[in-house]
Amino acid sequence: MNLLTSMGALPLLGALLIALLPAANTKLIKQAAFAVSLLVAGVGFAAAFGFDRSVTEFQYVERFSWIPALGINYQLGVDGVSLILILLSVILVPIVILAGWNESENGRFSVKTFYVLILILETMMIGVFAATDVFLFYVFFEAMLIPVYFLIGGYGSGERQAAAVKFLLYSLFGGLLMLASIIGLFVISGNQIGRTMDIEGLSTLQIDATTQNFLFLGFFIAFAIKAPLWPLHTWLPDAAKSATPGTSVLLLGVLDKVGTFGMIRYCIELFPDASRTFTPLIIVLSVISILYGAFLAIGQKDIKGLIAFTSISHFGFITLGIFAMTSQGHAGATLYMLNHGFSTAALFLVAGWMISRRGSSTIAEFGGLQRVTPIMAWSFFIAGMSSLALPGLSSFVSEFLVLVGTYTRYPVAAIIATFGIILAALYILIPVQKALHGPTTPGNENLPDLNKREIAAIAPVIAVIIFLGFYPKPALDIINPTAIDTISRAGFSDPAPVVGGNK
Amino acid sequence: MIFDSPALEYGALAPMLVIFGAAVIAVIVEAFASAKLRPALQLAIALGAVILSFAQVLRLRGTQTATAAVNSVVVDGPVLFMQGTILVLAFFAFLLLADTDAFAAQASAIPGSSEERAALQTGKIQTEIYPLTLFAVGGMMLFPAANDLITLFVALEVLSLPLYLMAGLSRRRRLLSQEAALKYFLLGAYSSAFFLFGAAFLYGYAGDVSLNAIHVAVSGGSSNEAFLLIGLISISVGLLFKVGAAPFHSWTPDVYQGAPTPVTAFMAAATKVAAFGAMLRIFYVALGGAVWSWKPMLTAVAILTMIVGSVIAIAQRDVKRMLAYSSIAHAGFLLTGVLALSQEGLEASLFYLATYGFSTLGAFALVTLVRDSSGEVTDLNRWVGLAKRSPGVALLFATFLLSFAGIPLTAGFIGKFTIFTAAYDSGNIAVVVAGVFSSAIAAFFYIRVVVMMFFTDAQDDTVSVTIPSLYTNLTIWIAAIATVILGVFPTPVLDAIASLAVFVR
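In order, the protein sequences belong to chains A and B.
When we follow the numbering used here, the leftmost residue of the first sequence carries the number 434, and every step to the right adds one.
When we follow the numbering used here, the leftmost residue of the second sequence carries the number 281, and every step to the right adds one.
Just so you know, the hints here were simulated from the structure itself, not pulled from any lab data.
Any given hint could turn out to be false.
[What the hints assert, rightly or not] Partial chain A-side listing against chain B, Cβ under 10 Å, derived:
| id | residue |
| --- | --- |
| 1 | GLU495 |
| 2 | ARG496 |
| 3 | SER498 |
| 4 | TRP499 |
| 5 | GLY591 |
| 6 | VAL598 |
| 7 | LEU605 |
| 8 | PHE647 |
| 9 | GLY825 |
| 10 | PHE852 |
| 11 | PHE900 |
| 12 | PHE903 |
| 13 | PRO905 |
Ideal placement from N, C-alpha and C gives every residue a C-beta, glycine not left out.
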């Protein structure tokens, strides 16, 4: 059974179905979209349960010849990392649809178009993580920009066109650099093993150091724009501020993960030597990202901007974990991708509800929400605590693993990165204090609390955050074998712990 | 002295003979048929000839490649593929030309004169556009098939002269159109002179005009190198002018803008195929041995062309001028295929030409639909908010633009991928890097148009989209479908090219 193709095709079929529904019946369209996304999530869970955790090879492998003249295959398969990210995507889509039930209504295009775009995007998200042919990956990587572009530009607020264009141009530029590298790889494969784009075939190539460095940079810059890493991050705050909360959740929660996922899957696996060469530079950039994102988050007056900058800080942690080149760092980074997806989703969704109720996204406009809207305030609080990695919530586990994994190889970077946690306390606690606590400020007295639909949307996210905080084993069981395998195949070994004393 | 009549291989020449024959018939029809009957009759002749000729191309497909007409024409795989492409493009171009509303009723009448008004009112509309186009198509088919310098020159003139005239036939904004025609003619004449000058020097170098003899002379390397270099440079200037490469591109935006849009569509799509076809043949067959003499020069031209095309396009406010600069940038990408000088480069170029031809035809066909009371609206500022009024037109135009930009799942992406792969494989990484950067720049102005159409509100509502005629509709949809299908499932075309694409000396 072609499980991955079915999972990827379902949303696309759903989009077709919705396209056939009458445009006026928006309720039916929303219900249909929600039902389709739930179904996809069901298939996603089936894939997770059927996944053999003891095997490090790709599973659910499918392979069909697509463009034989160029040796390109339609080729899918998942390992632990990609499975976790696919799971994240298929869980977040129904939550986003449910949470943003009305956010499609004030857009430039119809409600129908919104859900068609969301479902097309879901197909692309599954495809981009499941592809094991570099060409196929690139196709999804680029094609997914188009629905996001229309989602930001068509349904966002404020300077949405400019933000959408900025997002698209940054991503296209990175994509084109990656295309140059892919072409390079393709040609080299033709000279060595016959033309192929198969990731496993490509990882056996012998490439001289200079070429490898250039090809690595093509991939890395594309992923660093996507992830985003300082100094290539400037598109993200604009996009996150302008997009609807649901789109922002998918953008930061899933799409940006394509960058970090790509670093693991493509940069390290295909160019282990170049990865080693560039590791010090990337570690430095990651640490800068962590601190820079945190400092700018503290200074943000806009609640969406705040979340965007916290994400830049968090992506710094993820990149740090990946390029620490230890199995703990890798496992931590992958788990961080999952946890960041949920905690950002929670933050954005609650922030979105706060903004739509208050009609403003400025933090200073809120105050004393704890009394007026206790459920909303508690949700925001828990999401915020997860974002600053409070022990007992999911992000703590991953942040801890990343720092431990980094310390064994790069102690200085790990120590500096630790300051990011302290800054996180500032950037989360200050808005929490301003918006939730203290006396209720004028304009906030009559805000309604979350309704049942909104509670139904946020509850699973918070449940996951708490569950994975106490018991991350199910996720780590899937992640660990792949992380260890990636590190060892890239030619690294975990440094042995040095026991001090005995002087 | 006895003259033997030369043996002509009529079978191999059939595709071209059909078109030229139909062109002559069309001239006679133009002279004798009644004004009422003419448009339908001319269209039928043109379409019939194209179909018949295409059938001849298909018939020749499997046969042994051969030279014909005393070695002056060669019919091999690449030629047949290019002739087929030109014919398919011409077929749809004729459907666009069938909208006679675009053309001057009487080309000879002075713009704004009472003569012109009278011709329009009485409905005495000339349809010379059909025979002219047929002659141009014939020339285009001969150009890549020509096997010696004389035939090349003849083909060049046969394809160019009708185009000069056609550029001046616009019914609206006739002065602009005539200016375009004059500019095209003068610059075209200069470039023809360069071409001829180069041909003379190559003859002096090799002692023969046939491409094969030049190849032998280049390989032998005993003749006067100076003659070769002068000939090579001059002949390149002539060809680079035709493909619209920088620094010989300056005619392109003016002519594309001034010419009636259906003519622009035909010219942009089909001329490029023919000119690159000839260029590929000359550089691959005749001058391949002298690659180190022309590679640096052509590399510089390719990089310059890509950059000039994409950078200047940003500043354009007219959709036809923007597409013209985009076509210049694409000429730069295509030059990388010529530079690769490999089997792969040839195949990639052929594929790129086919995909580019379709997208271009479709894009210009859509331009003909956006109008106000005084005719087509090409000012991009008045295209804003088009998606609100005509989502279909905006969506299709966006598809063509995305294909030009090389976004995956469109034909443009596969084309770009294959041609850059060929360039990289030949070791010419500089053009690949330049190509990637200019693609990034180009993406900016394609996307700006998408923004204008989808995300900006219209200021005035005088611009409307006319309901396309059946013919135009067909063209647009076929072009759009081809653009997407070739992007998702290019295998049949790539395989066909791979099985055909070997140049015969």
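Outcome of the hint check:
1. Nearest Cβ of chain B to the Cβ of A:GLU495: about 18 Å, over the 10 Å cut. The hint is violated.
2. Evaluation of the A:ARG496 hint against chain B yields a violated restraint, the C-beta minimum of about 16 Å exceeding 10 Å.
3. At a threshold of 10 Å, the smallest CB-CB gap from A:SER498 to chain B is about 9 Å, leaving the interface hint in force.
4. Against a cut-off of 10 Å between C-beta atoms, the interface hint on A:TRP499 holds, since the closest Cβ of chain B lies about 8 Å away.
5. Checking A:GLY591 against chain B: minimum C-beta separation of about 13 Å lies over 10 Å; hint violated.
6. Because the closest C-beta pair between A:VAL598 and chain B is about 6 Å apart, less than 10 Å, the hint holds.
7. Because the closest C-beta pair between A:LEU605 and chain B is about 5 Å apart, less than 10 Å, the hint holds.
8. For A:PHE647, the interface hint holds, since its Cβ comes within 10 Å of a Cβ in chain B; the closest pair sits about 9 Å apart.
9. Using the Cβ-Cβ criterion of 10 Å, the hint placing A:GLY825 at the interface with chain B is not satisfied: the shortest such distance is roughly 44 Å.
10. Proximity of A:PHE852 to chain B is violated relative to the hint, the smallest CB-CB distance being about 36 Å (cut-off 10 Å).
11. Annotation: A:PHE900 was flagged as interfacial toward chain B, and the flag is violated, the nearest CB pair being 38 Å apart, outside 10 Å.
12. Annotation: A:PHE903 was flagged as interfacial toward chain B, and the flag is violated, the nearest CB pair being 42 Å apart, outside 10 Å.
13. Checking A:PRO905 against chain B: minimum C-beta separation of about 36 Å lies over 10 Å; hint violated.
Going through the hint list in order, the structure does not satisfy hints 1, 2, 5, 9, 10, 11, 12, 13.
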